[in-house]
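K.L.:
Sequence:
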Amino acid sequence: MGGLRTASLRWRVTVTACAVVGVVLIALGVVVRTVFVGQVERGLDGLVANRAQLGRQLAREGVGPAALVRRVDAHGVRVGLTLASGESFGEVGGPPEPGVRRVRISLAEPGRLDGAVLVLSVDTALVDGATSALDRVLLIGGAAALLAAVSALLWGMRAALAPLDAMTRLARATAAGGRGARLAPTHPDTELGRTARAFNEMLDSLEGAEDRLRRFVSDAAHELRTPVAGVQAAVEAVLDPDVDPETRDRLHLHLIRESRRAARLVDDLLHLARLDAGIDLDPSPVDLLDLAHAHADRVRLVAPEVRVVVSGTPTTVVADAERLTQVLTNLTDNARKAMGGRGTLTLAVTAADGHALLDVRDTGPGIAQENRERVFDRLVRFSGGAGAGLGLPIARGLARAHGGELFCLPAEGGAFRLVLPG
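First residue of the sequence shown? That's 1 in UniProt numbering, and the numbers climb one at a time after it.
By construction, these hints were calculated from the structure, which means they are not laboratory data. Please note: incorrect hints may appear among the correct ones.
Pairs of lysine to any residue, SDA-like flavour, derived with a Cα cap of 25 Å [to be verified]:
#1 K337 / L409
#2 K337 / A411
#3 K337 / A277
Work the whole structure out from these sequences, hints included.
P.N.:
Here you go:
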C-alpha cells in the first residue's frame with residue numbers, strides 16, 4: 001500500500017473551496033463590469049444621438065443658431081455650431097481633449113443653417129468615475145464574500161470533521177487500554193457513518209481476538225499444567241529410594257506418557273502458530289479416494305476394534321498429500337476418542353458443484369448444535385469441563401490453506417465434511 005496523504009483535510013478543503021469561490025467571484029466581477037461599462041457606453045451613445053436628432057429637428061423648424069445651441073446643449077452634452085459663413089456659436093473648440101467624445105453633424109436645411117456643422121461633445125469622465133466606483137464595490141464586496149466563505153467553510157469543516165476527531169479520541173483511548181467504548185453514528189448509511197461502523201467492527205474484531213488469545217493462553221496453561229504436574233509427581237516418586245521395582249516401572253511408563261502428552265500439545269501449539277503465519281504447501285494431483293483407503297488401513301492397524309468403511313468415487317484434487325493426511329488423522333483421531341475406541345467410522349468421497357467432498361462420520365454421541373462451530377475454537381471447553389483440544393482447529397486451518405473449508409454437519413454421531421476445490 002502506498003504512502004497515506006495526511007495533509008490537513010480541513011485546510012485542503014478550505015483552500016480548494018476558497019480558490020473556487022475566488023475564481024467565481026473574479027469571473028462574476030468581470031462579467032458585471034463588462035455589462036455595466038457597455039450599458040453606460042450605450043447610454044452615452046443614445047444621449048448623443050437624441051441631442052443630434054433634436055438639433056436636426058430644430059434646424060428644420062428654422063430655429064436660429066443661438067437658440068438651437070441653447071436648446072440642444074443639455075444633459076452633459078456641450079454643443080457648438082459653425083455656419084457656412086464661418087460664424088460660430090457655443091463651444092466649437094479645437095481638437096477634442098482626452099476623455100471627450102465628439103460627434104460632428106452636417107446640416108443641410110434651407111436657410112441660414114444650410115451647410116452648418118453641429119458639434120456635440122460629451123465628457124466620458126462620468127463613465128470612468130462610475131466604473132471606478134463599481135470596481136471599488138466589486139473589490140470590497142468580493143473580499144467580504146471571500147472572507148465570509150472562509151469563515152463558513154472553517155466552521156462547516158470543524159462540524160463535518162467532528163466524527164473523525166471522535167474516532168481519533170476513541171482510537172487513542174483504546175491504545176491506552178480502554179475497552180468497550182464504541183461510536184454511535186446517527187446516520188449509519190452516510191460516508192462517515194459507514195466509516196464509523198467499520199471502525200466499530202474493527203474494534204470488535206480486535207477485542208474478540210484479545211479475548212480469544214487470553215482464553216487460549218489460559219487453556220494452554222491449563223492443558224500443560226496436567227501433564228507437567230504428572231511428570232513432576234512421577235519424578236518425585238521415582239526418586240524415592242523405598243519405591244519397589246514394579247511401582248518404579250509403572251511410574252516410568254506414566255512419566256513417558258505424560259511427557260509425550262505435553263510434547264504433543266506443544267507441537268500442536270507450534271503447528272497453529274505456523275498456520276497463522278502461513279504455511280508453504282507442496283501441491284500435486286491427489287486422489288481423495290486412494291487417500292481415504294490408505295488412511296483407513298492406518299486406522300484399522302492402530303484401532304482394530306473400530307470398523308472403517310470407505311465409499312465413493314475416484315476424485316482428484318491438487319493439494320498437499322501430507323497436509324491432507326494430517327487433516328484425516330486429526331478427524332479420525334477425534335472420532336476414535338468420541339467413540340471410546342470402538343464403533344464404525346465412515347469415510348465417503350464425492351464431488352459436487354466443482355468441489356471435492358470428503359465426509360468423516362462416526363457412531364459416537366455426536367456434537368450439540370450450539371457447539372458445531374465452537375469445536376473449531378482453540379482449546380475450547382464445553383459445559384462439564386470437556387475440551388476439544390487443537391486437532392480440529394488445525395484441520396480447519398489446513399483446509400483453508402488449500403482454499404477449502406471444514407464443516408461440522410448435523411448428524412446422530414460426529415460428522416465432518418472437508419470441502420476442497422475440484
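K.L.:
Look at each hint and say if it fits the structure.
P.N.:
Structure-based check of each hint:
Between the alpha carbons of K337 and L409 the distance comes to roughly 18 Å, so the proposed pair stays at or under 25 Å and holds. At roughly 17 Å between alpha-carbon atoms, K337 and A411 fall within 25 Å of each other, so this suggested pair holds. Of the supplied pair hints, the one linking K337 and A277 is violated, its CA atoms being roughly 29 Å apart against a limit of 25 Å.
Against the hints set out earlier in the document, a violation occurs for number 3 only.
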